[in-house]
Structure formats: structure tokens, C-alpha cells
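Order-wise, the sequence lines are chains H and V. For reference, each letter of the first sequence is one residue, going 1 to 188 in the working numbering. For reference, each letter of the second sequence is one residue, going 189 to 376 in the working numbering.
For the record, the hints were derived by calculation from the structure and aren't laboratory data. There may be inaccurate statements among the hints.
As a list, the in silico DSS-like pairs of lysine-lysine whose alpha-carbon atoms are at most 30 angstroms apart [claimed, not checked]: (1) H/LYS180 / V/LYS262; (2) V/LYS190 / H/LYS180; (3) H/LYS158 / V/LYS368; (4) V/LYS262 / H/LYS158; (5) V/LYS262 / H/LYS8; (6) V/LYS346 / H/LYS2; (7) H/LYS88 / H/LYS105; (8) H/LYS180 / V/LYS374; (9) H/LYS8 / V/LYS252; (10) H/LYS102 / V/LYS191; (11) H/LYS74 / V/LYS368; (12) V/LYS290 / H/LYS2; (13) H/LYS42 / V/LYS374; (14) H/LYS158 / V/LYS374; (15) V/LYS196 / H/LYS105; (16) H/LYS3 / V/LYS252; (17) V/LYS240 / H/LYS180; (18) H/LYS8 / V/LYS346; (19) H/LYS186 / V/LYS346; (20) H/LYS186 / V/LYS190.
There are 2 protein chains.
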Amino acid sequence: MKKSLGAKALVYPSPVWCIGSYDADGRPNVMTAAWAGICCSKPPAVTVALRKATYTYGNIMSTKAYTVSVPPQKYIREADYFGIASGKTVDKFEATGLTPVKAAKVNAPYVDEFPMVLECRLIHTLEIGLHTLFVGEILDVKVDDDILAENGLPDMMKLDPFLYTAENRTYHGVGDYVGKAYTNAKSF
Amino acid sequence: MKKSLGAKALVYPSPVWCIGSYDADGRPNVMTAAWAGICCSKPPAVTVALRKATYTYGNIMSTKAYTVSVPPQKYIREADYFGIASGKTVDKFEATGLTPVKAAKVNAPYVDEFPMVLECRLIHTLEIGLHTLFVGEILDVKVDDDILAENGLPDMMKLDPFLYTAENRTYHGVGDYVGKAYTNAKSF
Numbered sequence: 001m002k003k004s005l006g007a008k009a010l011v012y013p014s015p016v017w018c019i020g021s022y023d024a025d026g027r028p029n030v031m032t033a034a035w036a037g038i039c040c041s042k043p044p045a046v047t048v049a050l051r052k053a054t055y056t057y058g059n060i061m062s063t064k065a066y067t068v069s070v071p072p073q074k075y076i077r078e079a080d081y082f083g084i085a086s087g088k089t090v091d092k093f094e095a096t097g098l099t100p101v102k103a104a105k106v107n108a109p110y111v112d113e114f115p116m117v118l119e120c121r122l123i124h125t126l127e128i129g130l131h132t133l134f135v136g137e138i139l140d141v142k143v144d145d146d147i148l149a150e151n152g153l154p155d156m157m158k159l160d161p162f163l164y165t166a167e168n169r170t171y172h173g174v175g176d177y178v179g180k181a182y183t184n185a186k187s188f
Numbered sequence: 189m190k191k192s193l194g195a196k197a198l199v200y201p202s203p204v205w206c207i208g209s210y211d212a213d214g215r216p217n218v219m220t221a222a223w224a225g226i227c228c229s230k231p232p233a234v235t236v237a238l239r240k241a242t243y244t245y246g247n248i249m250s251t252k253a254y255t256v257s258v259p260p261q262k263y264i265r266e267a268d269y270f271g272i273a274s275g276k277t278v279d280k281f282e283a284t285g286l287t288p289v290k291a292a293k294v295n296a297p298y299v300d301e302f303p304m305v306l307e308c309r310l311i312h313t314l315e316i317g318l319h320t321l322f323v324g325e326i327l328d329v330k331v332d333d334d335i336l337a338e339n340g341l342p343d344m345m346k347l348d349p350f351l352y353t354a355e356n357r358t359y360h361g362v363g364d365y366v367g368k369a370y371t372n373a374k375s376f
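Work the whole structure out from these sequences, hints included.
If you want it as C-alpha cells, here you go:
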């Protein structure tokens with residue numbers, strides 16, 4: 001029996017990604033976002049939705065660039081902090097001891113300790129309401145070589161990312177491999 | 189040491205959501221999408237990116253409505269099939285035996301067997317390239333009462349959704365609870 005919960009931004013699961021940007025003085029900032037996802041294959045692109053009140057919003061509007069660093073569970077405490085503290089009042093890299101590295105292709109910093117990083121050039125913004133949607137073209141994907149599988153792609157379990165559950169405000173890990181996609185064409 | 193993998197739509201993890209729509213003849217269709225995410229809190233909204241070639245693309249352009257049904261692992265084979273077969277040539281509900289139910293608030297069907305459903309009204313489209321981004325305002329969230337936790341929200345482990353890994357084309361389950369968000373404000 002389905003129960004109506006009303007009009008809410010409530011659906012599982014959401015990724016936990018850390019968005020890197022520089023401010024007007026060239027200081028690196030990073031914030032955690034979960035309202036995000038891949039949005040195009042050609043050009044490769046990702047969305048991230050940000051409130052205007054965030055420091056990152058102004059940074060990206062100005063530099064037209066950002067990075068996405070995927071935090072592993074090992075850094076869950078740091079990633080959670082990145083979603084609470086504001087770059088307006090604190091240097092989050094300095095506070096946590098994590099290392100900002102300038103991206104090669106865009107004017108934005110990524111988190112060196114996080115094993116998977118996207119370098120993104122802002123190509124669209126869309127005003128939705130409380131959040132503005134940023135669409136970034138992915139100019140490069142960088143991955144720590146020790147999490148690469150034999151096929152040359154990142155191993156999900158070695159990356160060990162985690163998920164956000166909307167409204168509940170909790171984090172979950174990623175579970176085991178449960179199947180290969182695009183295999184059931186003739187199942188039915 | 190970070191290795192550059194080039195410009196790809198490659199980042200983990202992505203959700204696996206099934207998008208329900210009606211065609212011009214009122215026949216229900218459903219397709220699986222992973223290029224998707226929450227994009228706004230007020231109004232609550234989700235994005236899903238679709239290729240123009242999909243049957244769903246034309247349906248949503250015409251009806252301005254869609255649903256998001258979250259498949260549990262129990263239905264991984266059906267959800268995978270929904271991402272391969274096309275509503276142009278087959279009735280995917282009929283083929284799988286799953287049940288289309290007309291949403292209460294929008295002109296689109298959801299998958300009754302899937303425990304979490306969003307009813308969405310199309311509010312924006314954005315051409316990005318191969319994919320078009322659809323932004324849907326969430327008018328209602330419906331959840332099977334047997335997966336609700338004591339706090340009235342869906343229990344992630346009872347929902348038992350799964351994830352897509354880009355490029356690898358594999359599915360992973362969702363893992364255990366690993367922490368509460370917004371708790372580390374004073375950690376650093």
C-alpha cells in the first residue's frame with residue numbers, strides 16, 4: 001500500500017561529491033553537495049545544484065569552473081564538515097589538513113586525497129528556485145592509479161564512496177557488485 | 189598518483205531510476221535512467237537526462253509529465269530490461285508483468301511493484317548535447333508503507349535500491365548506514 005508523503009525533494013540515493021572552486025582572491029574552497037548527477041555523455045557533463053547563499057555559488061559564477069572530488073568513506077568526517085562550514089569564514093582545506101591542487105584544465109582546485117576527480121568547465125546555469133543548477137562539461141577525469149581495475153576504470157569498492165539519504169540526513173556505504181548492466185535484453 | 193583518463197562521463201555512483209510516461213495513445217512506457225539526480229529543494233525537483241532517440245523523450249515533451257520509480261534489487265532484471273528495450277516496439281509493462289498505475293497528480297504511470305515513486309511535472313528542459321536535461325517538479329512522493337521507518341521516512345535498507353557505475357556498466361547494491369550527516373561542524 002503506497003502512502004503519500006507530499007511534495008518533497010525525497011528520493012534515494014544521492015551521491016556525495018565535493019565541489020572545488022577558487023574565490024576572487026584565488027583561495028581554494030570546497031563544499032559537499034548531494035543534489036548532483038551525470039547529465040550528458042557527449043559532451044560529458046555533470047550537474048550540481050547550489051544555493052545562491054553558498055560561497056561556491058559566487059566562485060563558480062566568477063571563474064566558470066569547478067571540480068568534483070569524490071570522497072571515500074575514509075574521509076567521511078571531512079566531507080561532512082565541507083558541507084557545513086562556509087568558505088566565507090574559514091579555509092576548509094587548512095582546517096582539515098587536506099590538500100588543494102589546482103586542476104590542469106580549469107581554474108579550480110580539487111582535493112588531492114580523494115581518489116576520483118573531475119575537472120569541469122561551466123557551460124550552463126539554470127535557475128530553478130532555492131537552488132541554481134550548474135552544468136559543467138567534464139574536461140578530464142583523474143583517478144588514483146591504486147584504485148584502477150584491470151580494465152583501466154576505477155574499481156567501485158576501492159573508491160569506496162558513500163551516499164546521502166535525503167530528509168533522513170544519513171550516509172550509507174556502497175555495497176557489493178550485484179550484476180552487469182545491459183544483459184537482460186532477451187529476458188522477457 | 190593521479191592518472192588522467194580523459195574527458196568522459198565517468199563518476200561514481202549514479203542512481204538507477206525508472207522513468208514512467210504515457211505515449212500519444214495513452215500507452216504506459218517506462219525506461220531506466222542513471223543520468224539523474226535531485227536538483228532543487230524549493231520547489232522540490234529532480235533532473236533526468238534523456239537522448240532524443242528514446243521513446244520517453246517524445247512522451248515527456250508531449251505530456252509534460254513523468255514519474256520516477258525506484259527499483260529495488262529484487263527487480264534488477266526488469267529494471268535492466270527497461271533500459272534496453274524501447275517502448276517504440278514493445279510494451280515493457282506487458283513483457284515483464286509489472287503493473288502501470290496512473291499517478292494521482294500528473295499524467296504519467298508509475299511502476300506499482302517499486303516501493304518509492306515520485307510524480308513530476310516538467311518545468312524546464314535544457315539541451316546539452318546528446319542528452320536533453322529534463323527538470324521535473326516533484327508534486328508527490330509515494331512510498332510503500334512497509335518500507336517506512338519509525339521517523340516516517342523510507343528506510344534505505346528496506347528500499348534496497350542499487351547503483352550504476354558509469355563506463356563499467358555494472359550495478360552495485362547500497363551498503364550499511366555509515367553515519368549521520370551535518371554532525372561534524374565542530375570537528376575541525
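Problem set entry | Satisfaction of hint between V/LYS368 and H/LYS158, Cα-Cα up to 30 angstroms | holds, 22 angstroms
Exercise. Can the restraint linking V/LYS346 and H/LYS2 be considered satisfied, given a maximum Cα separation of 30 angstroms?
Worked result: This hinted pair holds, its Cα atoms lying about 14 angstroms apart.
Exercise. Given the hint that H/LYS3 pairs with V/LYS252, does the C-alpha gap stay at or below 30 angstroms?
Worked result: holds, 24 angstroms
Exercise. Is H/LYS186 within 30 angstroms of V/LYS346, Cα to Cα?
Worked result: holds, 29 angstroms
Exercise. Is it true that the CA of V/LYS190 sits at most 30 angstroms from the CA of H/LYS180?
Worked result: holds, 27 angstroms
Problem set entry | 30 angstroms limit on alpha-carbon distance, applied to hinted pair V/LYS240 and H/LYS180 | The hint holds at about 25 angstroms.
Exercise. H/LYS8 and V/LYS346: Cα distance at most 30 angstroms?
Worked result: holds, 20 angstroms
For this session: Given the hint that H/LYS88 pairs with H/LYS105, test it: the Cα-Cα distance must not exceed 30 angstroms.
Result: Distance ~25 angstroms between H/LYS88 and H/LYS105 Cα, so the pair holds.
Exercise. Can the restraint linking H/LYS180 and V/LYS374 be considered satisfied, given a maximum Cα separation of 30 angstroms?
Worked result: Measuring from Cα to Cα gives roughly 42 angstroms; hence the hint is violated.
Exercise. Are the Cα atoms of H/LYS180 and V/LYS262 separated by 30 angstroms or less?
Worked result: holds, 15 angstroms
For this session: Take the C-alpha atoms of H/LYS74 and V/LYS368, compute the straight-line distance between them, and say whether it is at most 30 angstroms.
Result: Given pair H/LYS74, V/LYS368 holds - Cα atoms ~15 angstroms apart, limit 30 angstroms.
Exercise. If you draw a straight line from the CA of H/LYS102 to the CA of V/LYS191, is it 30 angstroms or shorter?
Worked result: holds, 15 angstroms
Hints 8, 13, 20 from the list above are not met by this structure, while the remaining hints are.
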